[in-house]
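Q: Here is how the chains run, residue by residue.
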Amino acid sequence: MADNNPFPGENNTGHIWDDNLRELDNPPPRWWMIAFWASIIWVAGYGILYPMIPGLTGYTKGIMGWTQIGEYQEGVAEVEKVRGEFEAQLQGMTAKEILANEGLSSYTIASAKVLFGDNCAACHGSNGQGGPGFPVIADDDWLYGGAVETIEQTITNGRMGVMPAHAKLLSEGEVDKLAAAVMSGNPAAEPLYMEKACFACHGPDGRGMQALGSANLTDAVWRFNEADQQASVKQTIRHGVNDTSDPMSRAAVMPKFGDRLSANEIKKLAVYVYKLGGGQ
Amino acid sequence: MSDNPQSRHDAVVDELYAEAVHWEINTGEETIHAKRVPGKWRILKWLASLVWVPFFLGPYLRWDDRQAILFDIPNRQFHLLGITILPQDFWMLSLLLLFFAILLAVVTALAGRVWCGFFCFQTVWTDVFTWLEEKLEGPPQKRKKLDQGALTFTKVRIKVTKHTLWLVIGALTGISFVAWFTDAYQLWVDLFRFNLGATAVVTILLFIAGTYVLAGYLREQACFWLCPYARIQGVMVDNTTAVPTYDFHRGEPRGRVKKGGGEAQRTTGDCVDCNQCVAVCPTGVDIRQGQQEGCITCALCIDACDAVMEKLDRPKGLIRYESLDVLNGKEERPLYKRPRVWVYSLVLLLSLTGIGYGMATLDAIEIKVIHSRQPLYVLQSDGSIQNKYTIKVLNKLTEDLQVTITAPDVEGLVLVGADEPVTARKGMVTARTVFVRIPREKITAESQPMVFFAETTDSSGELLVSKRESVFIAPR
Ligand code: SF4
Ligand code: SF4
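Protein chains in written order, with the working numbering: chain W, 22 to 301; chain S, 59 to 534.
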């Protein structure tokens with residue numbers, strides 16, 4: 022072709038179509054070539070520094086010794102280091118002392134959130150708002166007391182209050198009367214309250230006894246909160262709570278966490294629960 | 059002309075490509091060694107380059123016990139003299155960027171690529187690099203010879219010196235850049251103790267490489283192929299924009315000066331075709347072909363041509379700052395009749411006002427109130443309703459503050475958890491959880507506004523207040 026190239030001197034490859042459409046052999050721009058070689062050097066450098074080529078028995082490790090899991094572990098160690106400082110302080114402190122320190126209690130609340138989600142939220146709701154049959158723990162009404170030590174005990178040992186079933190002991194009319202009295206907020210005014218010994222557990226004024234875990238019948242919060250509250254109260258009077266002799270008795274058990282969680286974790290949870298809104 | 063079909067065809071082809079010969083793109087096969095000519099614009103160019111001096115010296119200025127201007131990224135703070143700007147105020151940065159973007163546009167619309175020609179780091183650094191090159195290797199002809207010449211000891215010595223100096227400039231550039239983000243003095247101490255952090259080392263190395271390649275090798279190629287601004291700036295120019303322009307009415311037809319020839323009988327234009335304007339052009343374009351993408355409007359060709367005209371006793375300004383309209387005899391359109399100027403000025407004014415407003419209303423403390431959504435409310439044993447709020451107190455000062463949180467004066471309202479003031483740590487957000495209780499009979503609506511106030515006094519006794527509205531939610 023070279024001898025009869027119709028476009029001499031313009032550096033074409035000799036490939037010509039349609040008379041004048043031809044392929045030139047111009048070099049790419051210099052910046053392009055620089056980038057081209059730079060990327061090849063980059064790949065080579067990368068291959069030397071980092072893991073790159075898979076083989077039959079393993080892969081090239083790279084001289085930096087970098088691994089993904091290693092980087093992850095470094096990250097975890099970093100977090101642990103930050104947490105470690107707080108955790109070391111928490112170890113020797115009581116829940117009450119933690120509460121007195123704003124910085125530490127903020128840390129505790131932040132870090133106990135996961136514990137609460139894993140262990141408590143299933144019954145008490147993700148923020149202590151309770152659930153059907155399970156008490157609200159974000160309010161200020163406590164069956165056993167809202168001091169942080171008491172909360173700690175409750176978590177460690179669990180709770181199981183008992184109210185005997187009264188279906189066999191009371192007539193329908195008496196149940197109606199007592200339920201109405203409880204609904205009114207002042208059960209002590211009803212003579213049956215004394216006669217049938219309700220006061221023995223719920224106290225002479227109906228305010229409950231925290232040593233027994235008996236409910237306060239005079240406040241605004243219901244332990245078993247249902248749409249038809251009157252029916253709910255009657256049901257509780259008739260069949261009691263945790264009374265094994267009555268199959269219709271309400272089940273209300275707070276399991277014990279002392280053997281599942283460490284004392285330190287329980288302490289943190291107690292602080293968390295206390296700070297949900299109702300600690301006393 | 060013959061009737062031979064082959065030659066007729068060739069004529070058509072020739073005609074077709076007649077204009078294409080001018081179409082020539084410098085892809086960097088050849089290093090451009092621009093001649094340096096003294097002149098008015100050359101001086102102006104050096105003066106303009108001085109805007110980069112603060113880039114090198116700025117980090118060493120102090121304010122109280124810290125750097126006067128510091129972009130503290132790990133702590134997410136920006137210190138500007140006595141002011142601390144936190145990420146919350148960074149909307150002002152976008153206004154600032156807008157301001158500069160529009161400033162660029164307005165300047166370009168009026169006088170072309172002033173940024174490119176005089177201020178751009180690519181131009182300035184390249185200018186300094188080629189200045190060094192000229193000092194070490196001599197003028198363009200000598201440089202070309204040196205490049206092509208054999209590898210002698212002198213050549214190696216000159217080249218090594220040049221590249222070392224380039225790398226030193228690159229290193230200084232990188233170090234100065236990093237110094238804006240960390241304590242500048244400590245940076246040097248760490249540098250000499252080989253104790254720099256990985257980020258600083260990588261940044262400095264990138265800058266060395268970048269400066270060396272961009273200003274040492276790519277040069278005008280960066281403007282041609284890499285720079286997005288170069289492309290945008292081109293479209294901001296119109297016929298009223300004054301840019302370095304070759305006055306072809308006066309210059310054409312160009313022709314060489316004849317020795318001893320009388321000026322009077324001259325049939326050619328003023329251009330003597332000496333190619334000085336091309337020789338000095340840092341991007342290697344020929345301005346006589348008209349305004350083109352390669353021209354960064356550095357005006358160096360004006361200096362070159364003026365020098366030639368002076369020698370030949372012809373009037374200066376054959377190449378001059380002029381708009382196409384004026385060159386073609388149209389009247390210059392006054393500034394106020396150009397819509398671009400109006401629109402750009404308006405945006406400039408708006409962004410400046412925004413920044414001014416932002417700086418004037420920089421609050422020292424700021425609270426955010428987050429109403430807890432689950433549960434929305436909790437019934438208390440006395441029948442009152444409790445809502446939970448997380449109050450985040452942002453303290454922008456450089457001292458810790460004791461911030462008191464108060465809620466509005468609603469009858470029966472109890473604010474729990476705010477008896478103790480919040481210790482708001484300097485430059486940080488401190489959170490506090492509070493509860494608001496309102497007796498049921500005092501609640502007027504399912505959702506009622508709830509305004510929180512934060513109050514404190516700084517060490518100089520000035521009262522600082524911030525307020526934030528939230529809601530109080532109750533059951534129906
Ligand atoms: S043509 Fe003139 S103004 Fe444009 S880049 Fe070249 S020397 Fe500068
Ligand atoms: S420097 Fe002036 S006279 Fe010389 S070629 Fe350029 S425009 Fe013509």
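Treat the hints with care, since some could be wrong.
Said to hold, decoys possible - Covered stretches of chain S, going by a simulated chain W footprint (3 or more residues, C-beta under 8 Å):
hint, segment
1, 173-185
2, 256-265
3, 276-286
4, 425-439
What the hints assert, rightly or not - Derived pair list, reagent style BS3-like, types lysine-lysine, alpha-carbon separation capped at 25 Å:
hint, chain 1, residue 1, chain 2, residue 2
5, S, K484, S, K500
6, W, K134, W, K277
7, S, K200, W, K134
8, S, K484, W, K102
9, S, K374, S, K450
10, S, K200, S, K93
11, S, K200, S, K213
12, W, K134, S, K450
13, S, K525, S, K426
To be verified - If the Cβ cut is set under 10 Å, some of the chain S residues that face chain W in the computed set are:
hint, residue
14, D68
15, I131
16, V271
17, G470
18, V474
19, E478
20, R498
21, T502
22, S505
Please keep in mind that the hints were generated in silico from the structure rather than gathered at the bench. Just so we're clear, the structure is a prediction, and the values are computed from it rather than from any experiment. Ideal placement from N, C-alpha and C gives every residue a C-beta, glycine not left out.
Q: Have a go at the V271/S hint: is there a Cβ in chain W nearer than 10 Å to its own Cβ?
A: At about 7 Å, which falls below the 10 Å cut-off, the nearest Cβ of chain W leaves the hint on V271/S intact, so it holds.
Q: Does the alpha-carbon distance linking K484/S and K500/S stay inside the 25 Å limit?
A: Violated, because 39 Å separates the two Cα atoms, which is more than 25 Å.
Q: Would you check the hint for K200/S and K93/S, treating anything up to 25 Å between C-alpha atoms as holding?
A: Status holds; Cα separation ~11 Å.
Q: Any CB of chain W closer than 10 Å to the CB of R498/S?
A: Check passed: Cβ of R498/S comes within 8 Å of chain W, closer than 10 Å.
Q: Less than 10 Å between beta-carbons is the criterion; does D68/S satisfy it with respect to chain W?
A: This interface hint holds because 9 Å falls under the 10 Å limit.
Q: Hey, K134/W versus K450/S, does the alpha-carbon distance stay inside 25 Å?
A: holds (19 Å)
Q: Would you settle whether the hint for T502/S is holds or violated, based on the nearest Cβ-Cβ distance to chain W being less than 10 Å?
A: violated (19 Å)
Q: Are the Cα atoms of K200/S and K213/S separated by 25 Å or less?
A: holds (12 Å)
Q: Keeping to a limit of 25 Å between CA atoms, is the pair of K200/S and K134/W held or broken?
A: This hinted pair is violated, its Cα atoms lying about 75 Å apart.
Q: Hold the hint about I131/S up to the distance rule: shortest CB distance to chain W must be less than 10 Å.
A: This interface hint is violated because 18 Å lies over the 10 Å limit.
Q: For the pair we were handed, K374/S and K450/S, check the Cα-Cα distance against 25 Å.
A: violated (68 Å)
Q: Does E478/S meet its interface restraint, that is, does its C-beta lie within less than 10 Å of any C-beta in chain W?
A: Status holds, d = 8 Å.
Hint violations for this structure: numbers 1, 2, 5, 7, 9, 15, 17, 21 and 22, all remaining hints satisfied.
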